[in-house]
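J.: Letter by letter, the chains look like this.
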Amino acid sequence: MSDTVISHVTSEPRPVRAALIGFAVLAMALLVGAPLITVFAEALTDGLPVALESLSHPEAVDAIRLTLIVAAVSVPLNAIFGIAAAWTITKFQFKGKALLLTLIDIPFSVSPVVAGLCIVLTFGANSAFGGWLVANGFPVVFALPGIILASMFVTFPFVAREIIPVMIEQGRSEEEAALTLGASGWRVFFTVTLPNIRWALLYGVLLCNARAMGEFGAVAVVSGKIRGLTATMPISIEMLYNEYQSVAAFSMAAVLALLALVTLALKTLLEWRYASQLAANRRH
Amino acid sequence: MLTTIILAGTVTAQGDKVAERPDGRVTISTGARHLTGWPVLRHLRTGVAALVLGLASLVAAPQAEAEALLNVSYDPTRELYAEIDAAFATWWEAQGNPKPEIQASHGGSGSQARAVIEGLNAQVVTLALAADIDKIAKEGKLAKDWQSKLPHNSSPYTSTIVFLVREGNPKGIKDWGDLVADGVEVITPNPKTSGGARWNYLAAWAWAQKNGQDPQEFVKALYTHVPVLDKGARDSTTTFTQREIGDVLLAWENEAYLALKELGDDQYDIVVPSVSILAEPPVAVVDANVTPEQRPLAEAYLNFLYTPEAQAIIFKNFYRGWDTSKADPADVARFPQLDLATIADFGGWAQAQKTHFADGGIFDQIYTAQ
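Chains as they are written, first to last, in this note's numbering: chain V, 1 to 284; chain G, 1 to 370.
Just to be clear, a hint being listed does not mean it is correct.
If you want the footprint, here are the derived chain G segments under chain V, 3+ residues with CB under 8 Å [stated by the list, open to error]:
no.: 1; stretch: 75-87
no.: 2; stretch: 94-108
no.: 3; stretch: 119-130
no.: 4; stretch: 259-265
No lab work stands behind these hints, which were simulated from the structure alone. C-beta: ideal position from N, C-alpha, C; glycine also.
Make the full structure from the sequences, and use the hints.
T.: Given below as structure tokens:
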């Protein structure tokens with residue numbers, strides 16, 4: 001239905017269209033397809049059993065568990081902060097709103113390494129606050145809290161940036177209607193706002209999750225690279241590669257790529273399953 | 001409270017909940033009529049509950065409380081210390097102590113030192129360069145005279161620079177002099193950014209000195225044979241093995257054997273030159289990070305490195321040890337004796353750094369002069 005409409009409104013001759021599409025497909029194959037295939041091919045050079053054995057190594061299991069813990073803590077927290085930030089920015093008028101919007105975007109523009117170094121300098125043992133934390137038995141840097149902080153910093157904008165446009169588009173009329181009917185703030189949020197933004201929220205959470213699991217730069221600075229304790233999957237991949245353990249390194253890279261692919265598949269599945277609802281939401 | 005439900009596909013409705021169906025759907029009253037559908041929040045609640053449960057099971061994973069020791073080391077020592085840690089744990093238990101938990105961290109030597117300075121809680125450091133441990137000592141985390149506390153300059157093993165050439169040595173490379181022959185391409189990283197590359201440079205310098213050549217002219221000629229000056233040692237290995245550029249890779253002996261083992265000894269050969277340089281990767285206890293209870297364990301761990309058992313493991317993992325009494329003769333035979341210059345011949349690291357690698361030093365003069 002809509003496909004035929006689209007083909008009628010394009011004015012380019014068929015060969016031009018074919019060439020453009022072909023170029024896009026080729027670029028995708030070279031930039032995304034080929035490296036992805038290489039990862040799996042390298043992982044399987046010595047056969048599947050060897051790859052699986054390298055993944056069942058206690059250090060590999062610990063790295064996978066740590067990555068899942070980091071994602072499981074940082075993603076929900078970022079979802080909550082993202083919703084709060086988007087809610088504040090779109091539903092209220094206040095001074096400094098533009099500044100707040102810019103602040104949310106900082107993790108996109110700041111290099112992750114710089115973010116990691118900032119965390120080390122703020123919470124490291126050589127700073128007053130960090131020294132106090134260490135003395136009280138709660139080290140942040142080179143421990144789990146630092147890794148979570150670094151992941152959260154890098155993935156902070158994903159949820160907020162997905163929700164804000166949807167919230168702006170939907171305006172405040174529905175919330176205002178609910179308020180005039182006597183609903184409390186929480187009630188408005190759970191019964192009006194949240195149902196309206198749920199697709200954008202899910203999309204943001206999936207992106208946030210993919211990035212949290214894959215983050216390298218910021219985590220590398222704060223990790224300390226202790227095997228089995230503070231080495232996440234991306235860190236382990238780098239360490240294994242530097243130690244000439246290429247099968248183990250690429251096996252773990254393949255698992256990380258698979259996790260990302262599962263995330264994307266989940267997103268596509270949801271979009272396909274709820275296509276009509278999504279379209280309805282966009283028409284709001 | 002108001003409940004939002006999904007009716008057929010796109011339609012949602014809100015109203016007071018009046019009934020819950022056994023299958024999870026709920027019936028709401030909108031005032032005019034009753035509607036039945038899936039509650040929107042149900043999905044959210046299920047998701048949150050699953051997440052919390054999953055997280056709890058992850059965090060609750062058993063964390064063994066044992067006498068723990070963190071050994072902060074550099075990149076290629078993973079397998080060496082995996083074996084040493086297992087042997088040490090057995091030995092320590094046999095002495096009537098509880099089973100120790102030895103943790104390991106691996107990375108570039110310089111960045112590992114930096115991490116310890118920033119608070120990485122290492123009780124023991126086993127790094128590539130004495131200069132890196134000196135940096136930690138400078139911050140007051142261990143005594144300035146740390147290197148005199150254990151035998152052989154606190155270096156339980158040494159290594160040297162050798163040549164990795166392609167199978168059958170097609171260019172007939174035997175010694176440093178052959179590297180500047182016509183058509184020979186040498187792969188070595190940039191000495192400005194790579195610690196390993198500085199050793200390569202100094203080894204070449206030492207050979208020229210001992211063979212009556214002008215070392216500066218020889219090293220200058222050598223670097224005209226380097227097609228790519230990579231950032232680090234691992235990048236150079238990739239250039240040589242994956243991109244197949246160059247005829248000879250200047251490499252650490254232990255890493256050359258490691259590469260041979262992992263990448264296939266039917267593709268490369270190792271050539272040991274007549275003169276090279278002695279590298280002493282040192283070990284030390286980081287006093288500031290050791291509690292009185294940990295100290296016996298930390299000191300026993302480092303002393304264990306000098307025992308015949310540990311030295312056998314060291315030879316097996318391609319480092320040159322000191323004590324061959326329990327080592328496999330085949331492992332020892334791998335290392336031909338050669339004339340080794342030491343860093344002391346260059347006036348120590350601080351002096352060598354200043355003369356050769358600092359901005360405006362000899363390397364800058366010969367490399368920019370090309």
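J.: If a hint holds in the structure, say so; if it does not, say that too.
T.: Against the structure, the hints:
no.	hint	in the structure
1	75-87	holds (count 4)
2	94-108	holds (count 5)
3	119-130	holds (count 3)
4	259-265	holds (count 4)
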